[in-house]
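Undergrad: With these hints in hand, go ahead and build the complete structure from the sequences.
Protein chains: 2
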Amino acid sequence: MNITTYIQHDFVNPADLAGKQTVVIDTFRATTTMTTALQNGASRMVTVMHVQDAFDLQKADPTRLLGGERNTQKIAGFDFGNSPLEYTRDAVQGREVIMSTTNGTKAVAAAAQSENIVLGCFHNLSAVANYLAKQGKDIVLLCAGTVGKLSMEDFLTAGAIVDALPDNCALCDASIAARDMYRLHKNNLNGVLQHTKHYNTMLQNGLQHDIDFCMQVNTGTVVPIFDGIGFISDKRGE
Amino acid sequence: MNITTYIQHDFVNPADLAGKQTVVIDTFRATTTMTTALQNGASRMVTVMHVQDAFDLQKADPTRLLGGERNTQKIAGFDFGNSPLEYTRDAVQGREVIMSTTNGTKAVAAAAQSENIVLGCFHNLSAVANYLAKQGKDIVLLCAGTVGKLSMEDFLTAGAIVDALPDNCALCDASIAARDMYRLHKNNLNGVLQHTKHYNTMLQNGLQHDIDFCMQVNTGTVVPIFDGIGFISDKRGE
Numbered sequence: 001m002n003i004t005t006y007i008q009h010d011f012v013n014p015a016d017l018a019g020k021q022t023v024v025i026d027t028f029r030a031t032t033t034m035t036t037a038l039q040n041g042a043s044r045m046v047t048v049m050h051v052q053d054a055f056d057l058q059k060a061d062p063t064r065l066l067g068g069e070r071n072t073q074k075i076a077g078f079d080f081g082n083s084p085l086e087y088t089r090d091a092v093q094g095r096e097v098i099m100s101t102t103n104g105t106k107a108v109a110a111a112a113q114s115e116n117i118v119l120g121c122f123h124n125l126s127a128v129a130n131y132l133a134k135q136g137k138d139i140v141l142l143c144a145g146t147v148g149k150l151s152m153e154d155f156l157t158a159g160a161i162v163d164a165l166p167d168n169c170a171l172c173d174a175s176i177a178a179r180d181m182y183r184l185h186k187n188n189l190n191g192v193l194q195h196t197k198h199y200n201t202m203l204q205n206g207l208q209h210d211i212d213f214c215m216q217v218n219t220g221t222v223v224p225i226f227d228g229i230g231f232i233s234d235k236r237g238e
Numbered sequence: 001m002n003i004t005t006y007i008q009h010d011f012v013n014p015a016d017l018a019g020k021q022t023v024v025i026d027t028f029r030a031t032t033t034m035t036t037a038l039q040n041g042a043s044r045m046v047t048v049m050h051v052q053d054a055f056d057l058q059k060a061d062p063t064r065l066l067g068g069e070r071n072t073q074k075i076a077g078f079d080f081g082n083s084p085l086e087y088t089r090d091a092v093q094g095r096e097v098i099m100s101t102t103n104g105t106k107a108v109a110a111a112a113q114s115e116n117i118v119l120g121c122f123h124n125l126s127a128v129a130n131y132l133a134k135q136g137k138d139i140v141l142l143c144a145g146t147v148g149k150l151s152m153e154d155f156l157t158a159g160a161i162v163d164a165l166p167d168n169c170a171l172c173d174a175s176i177a178a179r180d181m182y183r184l185h186k187n188n189l190n191g192v193l194q195h196t197k198h199y200n201t202m203l204q205n206g207l208q209h210d211i212d213f214c215m216q217v218n219t220g221t222v223v224p225i226f227d228g229i230g231f232i233s234d235k236r237g238e
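Sequence order for the protein chains is Z and F. Here the first sequence is numbered in my numbering, starting from 1 and rising by one per residue. Here the second sequence is numbered in my numbering, starting from 1 and rising by one per residue.
Be aware that a few hints might be false.
[To be verified] One-sided excerpt, in silico: chain Z residues whose CB lies under 7 Å from chain F:
| hint | residue |
| --- | --- |
| 1 | 11 |
| 2 | 150 |
| 3 | 151 |
| 4 | 152 |
| 5 | 173 |
| 6 | 174 |
| 7 | 177 |
| 8 | 180 |
| 9 | 181 |
| 10 | 184 |
| 11 | 196 |
[To be verified] Distance condition first, Cα-Cα at most 30 Å in a straight line; then the derived DSS-like pairs of lysine-lysine:
| hint | chain 1 | residue 1 | chain 2 | residue 2 |
| --- | --- | --- | --- | --- |
| 12 | Z | 149 | Z | 106 |
| 13 | F | 149 | Z | 137 |
| 14 | Z | 106 | Z | 137 |
| 15 | F | 186 | Z | 106 |
| 16 | Z | 106 | F | 197 |
| 17 | Z | 149 | F | 134 |
| 18 | F | 149 | Z | 186 |
| 19 | Z | 197 | F | 235 |
| 20 | Z | 149 | F | 197 |
| 21 | F | 137 | F | 149 |
| 22 | Z | 186 | F | 186 |
| 23 | F | 106 | F | 59 |
| 24 | F | 106 | F | 149 |
| 25 | Z | 186 | F | 197 |
| 26 | Z | 106 | F | 106 |
| 27 | Z | 134 | F | 149 |
| 28 | F | 235 | F | 134 |
| 29 | Z | 74 | Z | 197 |
| 30 | Z | 197 | Z | 106 |
| 31 | Z | 134 | F | 197 |
| 32 | Z | 197 | Z | 235 |
| 33 | F | 186 | Z | 197 |
| 34 | Z | 186 | Z | 106 |
| 35 | F | 106 | Z | 197 |
| 36 | F | 106 | F | 134 |
| 37 | Z | 59 | Z | 137 |
| 38 | Z | 149 | Z | 197 |
| 39 | F | 106 | Z | 149 |
| 40 | Z | 137 | F | 59 |
Think of the hints as simulated: they come from the structure by calculation, not from any bench. Yeah, the Cβ is synthetic: ideal placement off N, Cα and C, and Gly gets one too.
TA: The structure is reproduced here in structure tokens:
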């Protein structure tokens with residue numbers, strides 16, 4: 001298996017992802033949030049680009065819940081922001097959630113031509129790696145990044161997935177760099193993240209609890225997998 | 001000083017580089033070659049995008065020499081390919097050389113709005129770092145990359161420059177990752193490079209001697225600096 005890592009979704013030529021399995025990574029916070037919601041029983045997480053699309057889908061089916069953010073803030077009229085801590089079992093079990101997030105949604109759209117799309121974060125590292133290895137197709141690790149730039153938390157998540165995959169995979173240079181950065185810092189990820197931009201933006205917005213939650217490793221076995229409409233829970237990573 | 005690292009020139013919004021000092025890095029081989037030619041007495045290295053532009057400039061002044069490559073091969077009718085070993089003192093002293101290279105030239109074009117542009121490679125690491133520190137402006141490390149992807153040798157060169165700059169610089173996430181990769185591998189750069197794509201493409205093309213030459217560290221003090229037409233030798237890095 002080849003493993004290709006993109007540090008930011010704007011750098012992707014969508015046609016290059018055809019026939020591959022793509023992992024979208026937006027660790028702070030979209031993919032952590034969606035993985036958490038599915039772990040807590042949400043029936044499906046649907047990503048949309050525009051806020052109005054979310055309202056339209058809720059109008060068509062009022063049982064749908066709306067979640068998402070713009071510049072780390074909850075969108076007016078939505079049920080949830082983008083904090084994974086909001087998506088409790090009481091709040092989401094059995095419900096479909098429409099998500100509009102700045103970066104994560106764009107990353108999912110960039111992966112549209114992939115054979116399958118899954119969501120990765122620290123919470124489901126091992127499950128995602130197991131799923132990918134079982135599928136056996138070439139792998140794309142698609143980091144959302146932050147405002148067109150490499151974002152360390154996504155890069156480290158990608159590196160952790162590379163590290164968890166078999167040693168005989170063929171790695172692009174970015175995959176090697178991500179893996180080595182993860183191995184260098186895995187015993188103290190906060191030590192490197194505390195010097196990075198997105199982490200500090202979140203701290204300034206009072207999101208320390210979200211950071212702590214997003215940094216939890218292997219809390220579950222759910223692999224969010226795209227079913228053509230949104231992401232549903234898949235247990236093939238077990 | 002802020003240090004921003006771009007892993008590939010296609011990812012640059014040229015307007016973001018206005019007012020900054022940009023280091024273009026194409027270690028295998030364009031910036032190593034141009035730095036070497038200036039160290040060996042070339043009067044100026046002019047980069048052009050198209051082969052015909054090079055021939056036109058030579059027609060206007062037949063003392064000009066032509067250098068460059070397409071897909072690692074010398075261009076027909078040119079005086080030199082892109083091997084730094086060709087640009088000896090005997091061959092280039094006092095001469096202006098017109099260079100057309102696949103990636104390096106595009107990277108220089110992407111940096112056009114910068115306050116100043118210099119060329120970086122392993123040969124002039126310390127000189128470039130000294131030059132940047134003296135100028136005191138925000139720094140952009142612009143890696144050429146290979147075919148739209150992160151290329152490890154450029155990333156490590158960028159990391160080495162970050163490592164050589166004062167500790168109080170503010171680093172973007174990519175700058176942190178590049179620096180950490182350099183520090184992790186600095187005692188055995190070949191150990192990580194031998195697993196990378198561009199390195200192996202060069203080996204397959206019989207360019208082991210070029211690789212060995214490009215990996216030499218701090219062989220001189222020339223900082224190639226853009227004078228509006230091309231790159232001339234600057235000794236302000238001493």
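Undergrad: Output the numbers, in ascending order, of every earlier hint that fails for this structure.
TA: The structure breaks hints 15, 19, 32, 37, 40; every other hint is satisfied.
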